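**Student:** Read in this note's numbering, the sequence shown has -3 at position 8, and its numbers run on one by one without any break.
Quick caveat, the hints were computed from the structure, so don't treat them as lab data.
On a predicted model such as this, the values are computed, not experimentally measured, just so you know.
Below, in silico cross-link-like pairs of lysine-lysine (DSSO-like), each with a Cα-Cα straight-line distance of 30 Å or less:
#	residue 1	residue 2
1	Lys0	Lys31
2	Lys48	Lys0
3	Lys31	Lys48
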Amino acid sequence: MCLATVYNISKPEPESIVLEYVSRIDVNGTEITLTDVMGECKVVEGTISMVDLTGGVVKINCPE
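With the hints as extra help, turn the sequences into a complete structure.
**Tutor:** Printed below as a string of structure tokens:
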């Protein structure tokens, strides 16, 4: 199973974790729905800037 950690790279502090153990990512325009392995969903507005499936890293720009 490939799980990822999603980071928000648009925060002023060092990259902040949005959600860990993400198993599914759905994108609808600028709405990104993240679902973790336990079924918890988190919806954020932004864009995906990088996905590393081997390393389990997803970076998004989410100016909240």
